[in-house]
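Protein chains in written order, with our numbering: chain A, 311 to 558; chain B, 844 to 1099.
By construction, these hints were calculated from the structure, which means they are not laboratory data.
Incorrect hints may have been included.
Unchecked claim - Now the in silico label distances, taken between C-beta atoms and shown as ranges:
#1 LEU873(B) x GLY357(A): 22 to 28 Å
#2 LEU848(B) x ASP469(A): 31 to 37 Å
#3 GLU418(A) x PRO879(B): 30 to 36 Å
#4 LEU856(B) x ASP386(A): 44 to 50 Å
#5 LEU856(B) x GLU432(A): 41 to 47 Å
#6 GLN450(A) x LEU856(B): 42 to 48 Å
Unchecked claim - To list a few chain A residues with every Cβ distance to chain B over 12 Å, as calculated:
#7 LEU346
#8 SER378
#9 GLU381
#10 ASP386
#11 PRO430
#12 GLU432
#13 LEU455
Stated by the list, open to error - Computed footprint of chain B on chain A; a stretch qualifies when at least three of its residues, placed anywhere within it, have a C-beta under 8 Å from a C-beta of chain B:
#14 323-333
#15 393-405
#16 483-489
The model shown is predicted, which means the values in this text are computed figures rather than measured ones.
Glycine included, each C-beta is placed from N, C-alpha and C at the ideal position.
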Amino acid sequence: MLSGLDLTVAKGESLVLVGQSGIGKSVLLKHVIGLLKPDSGTIEIDGEDLWKASPRDRDRLRRKFGMSFQEGALFDSMSVGENIAFPLTRHTKKSKKEIADRVAECLELVRLPGIEDKRPSELSGGMRRRVGFARAIALQPEILLFDEPTTGLDPITTDVVVKVIEEMRSRLKPSAITITHDLKVAFSIADRVGLLSGGKILVDMTPKEFEHSKDPRVAAFVTGDSELAPPEAEPERRGAQKPVEAHV
Amino acid sequence: MNAVLEFFGRGVLRVFEGVGRFFELLGMTLRGLVVPPWAPVATARQVVRVGVDSVPVVLLTALFTGGVLALQTFKGFQRFHAEGYIGSVVALSMLRELGPVLTGLMVTGRAGSAMAAELGSMRVTEQIDALVSLATDPVQYLFVPRVLASIIVVPMLVVLADAIGILGGYLVAVGYLGANPVIYMNNTFQYLSMEDMTSGLIKAAAFGFLLSLVGCQCGYDTTGGAEGVGLSTTKAVVMGSLAILIADFFLTKVLF
Chain A
311 MLSGLDLTVA
321 KGESLVLVGQ
331 SGIGKSVLLK
341 HVIGLLKPDS
351 GTIEIDGEDL
361 WKASPRDRDR
371 LRRKFGMSFQ
381 EGALFDSMSV
391 GENIAFPLTR
401 HTKKSKKEIA
411 DRVAECLELV
421 RLPGIEDKRP
431 SELSGGMRRR
441 VGFARAIALQ
451 PEILLFDEPT
461 TGLDPITTDV
471 VVKVIEEMRS
481 RLKPSAITIT
491 HDLKVAFSIA
501 DRVGLLSGGK
511 ILVDMTPKEF
521 EHSKDPRVAA
531 FVTGDSELAP
541 PEAEPERRGA
551 QKPVEAHV
Chain B
844 MNAVLEFFGR
854 GVLRVFEGVG
864 RFFELLGMTL
874 RGLVVPPWAP
884 VATARQVVRV
894 GVDSVPVVLL
904 TALFTGGVLA
914 LQTFKGFQRF
924 HAEGYIGSVV
934 ALSMLRELGP
944 VLTGLMVTGR
954 AGSAMAAELG
964 SMRVTEQIDA
974 LVSLATDPVQ
984 YLFVPRVLAS
994 IIVVPMLVVL
1004 ADAIGILGGY
1014 LVAVGYLGAN
1024 PVIYMNNTFQ
1034 YLSMEDMTSG
1044 LIKAAAFGFL
1054 LSLVGCQCGY
1064 DTTGGAEGVG
1074 LSTTKAVVMG
1084 SLAILIADFF
1094 LTKVLF
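Bound-form chain B, shown alone (with noise of 0.2 Å):
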């Protein structure tokens, strides 16, 4: 009976210790963020890394993303003659929806894992320790670039998805099963308002900030050698998808 307590209890003991470490980590950054001195540099050459790098794997899913979006609701909107609204189904979804969360998903898997192993690594092999010594706080130094990096670019790469997106749908729509395409165009902006273009991007910079932030958590943490690290970059994409999951409803929520 006592192994089974001091089982639950050390879970549960974890549970708290790993979130306390996430708001101690959260109010570093944050710290980090409006005091001096920042690496304007540093922010850059992350803004590389994170969006630039991204834009490839993030307009192929965006494409292929609207492609099959339209595809689907023609199949299920041909049921009750509405397959003129393909466009506006395509749209709408992209910029309140697919668009931020395929986007932050997949900056999550490619940028924040990179993170979590860059940081990893520098944990194993005593460069943190480094920059300690060099009386340098690693958490200015590490996290805020990259998190300031990714709460600018991630917006940009949703702007970027969501344009591809409504195209993927465009070219299936038309080009496949034969929409007209004036009409097609005509109703995908027709009932498009700023707001939905706006709660996407608030979206967007939110799931930046979460990515980023757990991206160099995972990696800061890092114990052991070179399985911690792979342990780190796991645990970034898996924590990452799903706070970006979770922070998606609590936003829909409150932006709609």
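Bound conformation, chain A alone (with noise of 0.2 Å):
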């Protein structure tokens, strides 16, 4: 799906990628954070390959991330209480008291104060994602990923969830990947925004010259314009494919 991708993001950069559904755009973050593994290239974060690192090693470096998921994926078994600390109790050690105390602060940053003891199936998609978010900030990571956080929702609940997104970012000043097919968030978030076609990043640039792109594949996709988009470039064959190369 992905083949001769080249992917950088620098430290308190914030990248969106855009592009059609079914294109690799969730394919692509989870390779970022080691859970598929590329058949050939490098992932590295802050230099380190992250399949040449040991199991051990993985999970350190896995720590520097806090990853959203499309549904949220909250474990359903927990409370919300449980969900947030579950990186806390599990790879730090803090009291129960400072526990708690987090998980207050990270529901008071996505603006769902008081939530601690509800379960996951009695919120709505909003928000499962801001709980997400919150479970995925516990451990003040340096790099947040983002997959659809903005799927499936209403513009008054995007435009929260935009919100939260833009003052997790100001205030924890993170490097973020964020894949999403909604121009408008990407523009409110990025610092650059990139086109995923065809197993590649197509084009790479900030969201001004995105918005008003000359390129007829930027154009399509900013109009919504099926007409204009080029046909969409298929990935190479399997073992013809390059190898997939990202460093963050």
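From these two lone chains plus the hints, build me the complex, please.
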């Protein structure tokens, strides 16, 4: 699905990748955090190769990440508070009081204070995403990954989610990679916007350049006009695939 | 011709892939059993789910199995006037064979399928991916408490099943067939040895290990959505039951 892809994100930078559905955007994010292993190529985090590291070191590298999943991926056997506390109880030696304080702080940041005792099944789609954000930032990660943070949400909830992402960025100053096909969201939170197509990143530019680009592939995506869109490039067949390179 | 060879080749590859995957996850689970962090609370929760919640169904199965065993044995033994040995046959059958096997099968149907459904749902809703992203080994976190709980609790269920099975046989033999209660009880325990009990318990621990590992593996490797979860659940019951029956043969061969 991905071939010859080269991606670099600098410290504190926010890269948003847009592209049509089914193009491999989520697959790319899963490669970056090591949920999937590239057939060839490297994923480097602060100069360390994720797949050359031992399993213990790979987990240490993963602790630098906070990942928000499409539907939140909250553990439904736990309450909201237990979900957010999960990484803290596993990876820190904080006391119960310190963990409870950090959980409350994270919920405050995503504008959902006081819902620690609710079950994930009691939450709306937007709330689940934001609790997912709260869990992702609990360990104060250096890198945030957002997989379709606003897909399927109404415009008002989308706006709330975007504002929460902006606030998390300004407070935590992480590097961030966001996958979306919502250009309004992309332009609000991006330092750079990339268009993913045919298994690679075709263009990589500022939001303003992207919005006014004359490139037919970008223009088609910005206007949403399928007539303008050139035929979708097929990713190389297995065996002819080029390495995937990601440096965060 | 090529298509036929390709079809069989794919089948063989799938079988090898499945066996390889089983041993890969087996290795990861065994490593998780000895390497910390351990999860005593999660294990205790699984003891309740696998063990305590299975008590009614296991007891009912054992009660009626003991009863039917007494009935069948009576019919057969009556032909050569050996009705007095019904108690011994029921007790030996329950302890050595029926107690562990039937308990294993019932727990596979109840708990093995539930493990596959739970882990399968976690897989399709990206909760397992979320565990990995939170630097948590999903095999250690999900498999180990379930496998450990099953190894501990299935032998306990078997002890209960053995006792209730013997009781079922007694009720039918004494209450329905008119056997002498004193002679029946005397014959029940006269020919039993400690080895009958321990071999049954060893089998039970092995069955607990197998049914939980198969259940977890089927759920963990779920693909697709709700349909995939359904298929994994069915697979967990079929593969778990087959594993128990095949292992039973080899364990019996080794233990007796």
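How the hints compare with the structure:
no. : hint                              : result
1   : LEU873(B) x GLY357(A): 22 to 28 Å : violated, 35 Å
2   : LEU848(B) x ASP469(A): 31 to 37 Å : violated, 59 Å
3   : GLU418(A) x PRO879(B): 30 to 36 Å : holds, 34 Å
4   : LEU856(B) x ASP386(A): 44 to 50 Å : violated, 35 Å
5   : LEU856(B) x GLU432(A): 41 to 47 Å : holds, 45 Å
6   : GLN450(A) x LEU856(B): 42 to 48 Å : holds, 46 Å
7   : LEU346                            : violated, 10 Å
8   : SER378                            : violated, 9 Å
9   : GLU381                            : violated, 7 Å
10  : ASP386                            : violated, 7 Å
11  : PRO430                            : violated, 10 Å
12  : GLU432                            : holds, 16 Å
13  : LEU455                            : violated, 8 Å
14  : 323-333                           : violated (count 0)
15  : 393-405                           : holds (count 4)
16  : 483-489                           : violated (count 0)
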